[in-house]
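From just these sequences and the hints, can you work out the full model?
The lines below spell out each chain.
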Amino acid sequence: MAITVSQKSILYLKALVHLAALYPLLDLYYGAVTDQLGGDPVEAVIHFTGIGALNLLLISLLISPLAKRFKLSFLMRFRRMIGLYAFTYGLCHMLNFLFFEVQFDVRLFIEEVFERPYITVGMSAFLLLIALAVTSITKLRRKMKGRWQTLHNFTYLIALLAVIHFYWSVKSEIIEPLIYFAMYAALMGFRYKKLRGWKDKLFSR
Amino acid sequence: MIIKTTSVSECKEHTITDENVYHQRRELIKKMGFLGAASLLSSPASAGILDIFGEEKTPEALFAQNNLSYAAEKGGFAEELTPEAKITSHNNFYEFGVEKQQPAALSQSFKVDPWQLKISGEVENPLTLGYDDLYSSFDLEERIYRLRCVEAWSMVVPWIGFSLAELVKKAKPTSRAKYLAFETLYDPVQMPGQRSRRLGGGIDYPYVEGLRIDEAMNPLALMSVGLYGKTLPPQNGAPIRLVVPWKYGFKSIKSVVGIKFVEKKPPTTWNLLAANEYGFYANVNPAVDHPRWSQASERRITTGGIFAQNRIPTLPFNGYSEQVADLYSDMNLRKYY
Numbered sequence: 033m034a035i036t037v038s039q040k041s042i043l044y045l046k047a048l049v050h051l052a053a054l055y056p057l058l059d060l061y062y063g064a065v066t067d068q069l070g071g072d073p074v075e076a077v078i079h080f081t082g083i084g085a086l087n088l089l090l091i092s093l094l095i096s097p098l099a100k101r102f103k104l105s106f107l108m109r110f111r112r113m114i115g116l117y118a119f120t121y122g123l124c125h126m127l128n129f130l131f132f133e134v135q136f137d138v139r140l141f142i143e144e145v146f147e148r149p150y151i152t153v154g155m156s157a158f159l160l161l162i163a164l165a166v167t168s169i170t171k172l173r174r175k176m177k178g179r180w181q182t183l184h185n186f187t188y189l190i191a192l193l194a195v196i197h198f199y200w201s202v203k204s205e206i207i208e209p210l211i212y213f214a215m216y217a218a219l220m221g222f223r224y225k226k227l228r229g230w231k232d233k234l235f236s237r
Numbered sequence: 003m004i005i006k007t008t009s010v011s012e013c014k015e016h017t018i019t020d021e022n023v024y025h026q027r028r029e030l031i032k033k034m035g036f037l038g039a040a041s042l043l044s045s046p047a048s049a050g051i052l053d054i055f056g057e058e059k060t061p062e063a064l065f066a067q068n069n070l071s072y073a074a075e076k077g078g079f080a081e082e083l084t085p086e087a088k089i090t091s092h093n094n095f096y097e098f099g100v101e102k103q104q105p106a107a108l109s110q111s112f113k114v115d116p117w118q119l120k121i122s123g124e125v126e127n128p129l130t131l132g133y134d135d136l137y138s139s140f141d142l143e144e145r146i147y148r149l150r151c152v153e154a155w156s157m158v159v160p161w162i163g164f165s166l167a168e169l170v171k172k173a174k175p176t177s178r179a180k181y182l183a184f185e186t187l188y189d190p191v192q193m194p195g196q197r198s199r200r201l202g203g204g205i206d207y208p209y210v211e212g213l214r215i216d217e218a219m220n221p222l223a224l225m226s227v228g229l230y231g232k233t234l235p236p237q238n239g240a241p242i243r244l245v246v247p248w249k250y251g252f253k254s255i256k257s258v259v260g261i262k263f264v265e266k267k268p269p270t271t272w273n274l275l276a277a278n279e280y281g282f283y284a285n286v287n288p289a290v291d292h293p294r295w296s297q298a299s300e301r302r303i304t305t306g307g308i309f310a311q312n313r314i315p316t317l318p319f320n321g322y323s324e325q326v327a328d329l330y331s332d333m334n335l336r337k338y339y
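So the protein sequences, as listed, match chains A and B.
For the first sequence, counting from 1, position 62 maps to 94 in our numbering; every step adds exactly one.
For the second sequence, counting from 1, position 142 maps to 144 in our numbering; every step adds exactly one.
Calculated from the structure, these hints are not laboratory results.
By construction, the Cβ of each residue, glycine as well, lies at the ideal position given by its N, Cα and C atoms.
One should not assume that every hint holds.
What the hints assert, rightly or not - Calculated cross-link-like contacts (lysine to aspartate or glutamate; reagent style EDC-like; alpha-carbon spacing at most 20 Å):
#: 1; chain 1: A; residue 1: Lys203; chain 2: B; residue 2: Asp141
#: 2; chain 1: A; residue 1: Lys203; chain 2: B; residue 2: Asp291
#: 3; chain 1: B; residue 1: Lys113; chain 2: B; residue 2: Asp135
#: 4; chain 1: B; residue 1: Lys172; chain 2: B; residue 2: Asp206
#: 5; chain 1: A; residue 1: Lys203; chain 2: B; residue 2: Glu279
#: 6; chain 1: B; residue 1: Lys76; chain 2: B; residue 2: Glu324
#: 7; chain 1: B; residue 1: Lys232; chain 2: B; residue 2: Glu124
#: 8; chain 1: A; residue 1: Lys203; chain 2: B; residue 2: Glu153
#: 9; chain 1: B; residue 1: Lys267; chain 2: B; residue 2: Glu124
#: 10; chain 1: B; residue 1: Lys171; chain 2: B; residue 2: Glu265
#: 11; chain 1: B; residue 1: Lys232; chain 2: B; residue 2: Asp291
#: 12; chain 1: B; residue 1: Lys266; chain 2: B; residue 2: Asp216
Claimed, not checked - Listed next, with one range per pair, are the computed distances between beta-carbon atoms:
#: 13; chain 1: B; residue 1: Tyr338; chain 2: A; residue 2: Val202; range: 22 to 30 Å
#: 14; chain 1: A; residue 1: Val166; chain 2: B; residue 2: Arg214; range: 36 to 44 Å
#: 15; chain 1: A; residue 1: Leu160; chain 2: B; residue 2: Lys180; range: 34 to 42 Å
#: 16; chain 1: A; residue 1: Leu127; chain 2: B; residue 2: Gly204; range: 25 to 33 Å
#: 17; chain 1: A; residue 1: Val138; chain 2: B; residue 2: Ala276; range: 24 to 32 Å
#: 18; chain 1: B; residue 1: Lys120; chain 2: A; residue 2: Phe131; range: 44 to 52 Å
#: 19; chain 1: B; residue 1: Thr176; chain 2: A; residue 2: Val65; range: 54 to 62 Å
#: 20; chain 1: A; residue 1: Val65; chain 2: B; residue 2: Ala276; range: 48 to 56 Å
Written as structure tokens, this is what we have:
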């Protein structure tokens with residue numbers, strides 16, 4: 033049985049999602065500027081926005097399987113905004129590193145991006161995410177037609193890169209990154225048929 | 003013992019703390035300590051849906067620190083001190099959790115009395131220091147040192163303690179003693195990180211560290227029992243810890259229960275975990291990068307939020323070249339990182 037949700041409820045829900053995504057970010061930067069984020073506010077903002085981006089990315093990947101499985105088609109109307117919040121958090125994560133960690137030392141920034149594999153991987157994910165964010169504009173989406181879906185399938189790769197980035201960035205504690213790997217694998221598991229289709233297509237040539 | 007400050011480690015004019023601030027420092031620190039405790043008790047911003055692993059337990063009562071009597075650092079130290087609240091809330095002490103704020107949150111009920119620090123191995127005079135002995139066996143003095151973490155952040159800490167060299171002399175090492183092997187308390191009941199792999203970062207406990215005996219005899223090497231005029235809080239390594247200011251912070255082992263004099267180079271925890279990342283020597287060296295972090299510069303943690311501009315160049319041996327470079331004159335520091 034498909035669940036229908038009124039236009040009004042969707043608006044309220046959207047407002048709620050905006051609040052849930054924006055409030056922690058505002059609270060975070062308020063604490064960071066007023067020096068209330070513990071010993072090292074720089075590390076705190078970098079970690080919070082990084083893990084926030086990854087969580088939002090995984091939530092965005094959960095939407096279509098949920099919508100299909102439980103016939104909750106209204107959920108699809110939230111996917112773009114959650115994806116865009118994942119991008120927003122990712123942008124903050126990257127800017128935190130540039131502004132507050134290396135403190136505008138552009139040479140050091142570039143060196144770090146190329147010399148530290150985990151940063152290279154994270155930056156690649158972010159660059160791909162920019163392409164998805166830009167093409168989320170409805171006009172562009174219409175213009176791109178079928179190629180839009182092809183481009184946005186890169187979300188799977190982006191999420192994988194983000195999980196690898198997290199795994200590589202920790203010094204010794206790998207249980208949390210492994211949990212993220214498991215969540216990623218589960219999300220890909222929901223797309224088994226689609227992924228197998230790609231594989232068959234690739235090898236039947 | 004008087005340690006002369008020499009030209010290299012002497013500070014530049016612009017880094018000198020304003021005299022008014024210096025004279026009011028205890029007052030300022032008290033205020034900051036109050037703020038620090040308050041922010042510890044209020045729920046941090048990170049406890050939200052976006053941080054599913056962020057678990058904060060509010061400590062029921064803060065660990066009781068005692069005042070110490072000691073000889074104050076003569077002439078002071080011209081670089082701005084890191085506020086006490088930051089020194090005691092930003093800690094790498096995986097025995098109490100891998101996240102920086104966890105040790106302060108999870109260690110406040112840690113019991114330090116009774117304590118036993120056993121000095122053993124290749125010595126003529128093996129000895130055990132009990133809790134009270136830690137404060138009474140040697141004259142305590144204040145030493146203001148830079149602390150440089152391998153993660154490329156740094157602090158300036160007013161430690162209180164005694165020279166490790168004094169302890170070594172008292173133990174009377176034999177001619178076979180070439181290294182000192184340090185060990186942290188192993189007590190999974192009190193240290194949650196030793197119980198849980200996730201909290202403890204997958205390290206094999208107890209944490210162990212080591213120094214060459216000539217490094218241990220260097221007057222800069224300190225056994226610290228306090229900071230900011232009081233006994234150490236647990237998150238900083240109560241009741242006694244090593245402080246080796248020219249090496250990355252992980253060498254300065256906390257909550258020490260054993261110092262064994264040995265003939266062969268002892269194993270050290272981070273080296274066992276990732277030998278290509280962490281060497282035995284771990285001398286602060288801006289010319290040798292860590293695979294994860296450039297070591298050329300560091301972020302100095304003092305006051306101010308994220309807009310405090312505080313990235314400064316890292317100095318060889320953390321600014322203590324004149325005192326310690328001789329120890330390594332015949333070594334390739336790229337190989338022996």
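Checklist entry - Do the alpha carbons of B:Lys267 and B:Glu124 lie within 20 Å of each other, as the hint requires? => result 13 Å, holds
Checklist entry - Does A:Lys203 pair with B:Asp141 here, judged by a C-alpha cut-off of 20 Å? => result Violated, at about 38 Å.
Checklist entry - Holds or violated: B:Lys113 with B:Asp135, Cα cutoff 20 Å? => result 16 Å, holds
Checklist entry - Do the alpha carbons of B:Lys171 and B:Glu265 lie within 20 Å of each other, as the hint requires? => result Holds, at roughly 17 Å.
Next on the checklist: Just to be careful, I want the Cα atoms of A:Lys203 and B:Glu279 compared with a cutoff of 20 Å; is the pair within it?
Outcome noted: 10 Å, holds
Checklist entry - Holds or violated: 34 to 42 Å for the Cβ distance of A:Leu160 and B:Lys180? => result Between A:Leu160 and B:Lys180, where Cβ atoms are some 54 Å apart, the hint is violated.
Item to check | Cβ distance range 36 to 44 Å for A:Val166 and B:Arg214, holds or violated | outcome: With Cβ atoms ~57 Å apart, the hint is violated.
Checklist entry - Do the Cβ positions of B:Tyr338 and A:Val202 conform to the proposed distance bound of 22 to 30 Å? => result 26 Å, holds
Checklist entry - Going straight from one Cα to the other, do A:Lys203 and B:Asp291 come out at no more than 20 Å? => result 15 Å, holds
Checklist entry - Does the hinted range 48 to 56 Å hold for A:Val65 and B:Ala276 at CB? => result For A:Val65 and B:Ala276 the Cβ distance comes to about 35 Å; the hint is violated.
Next on the checklist: Given the hinted pair B:Lys232 and B:Glu124, is their Cα-Cα distance within 20 Å?
Outcome noted: The hint is violated at about 33 Å.
Next on the checklist: Given the hinted pair A:Lys203 and B:Glu153, is their Cα-Cα distance within 20 Å?
Outcome noted: The hint holds at about 10 Å.
When each numbered hint is compared with the structure, violations occur for hints 1, 4, 7, 11, 14, 15 and 20.
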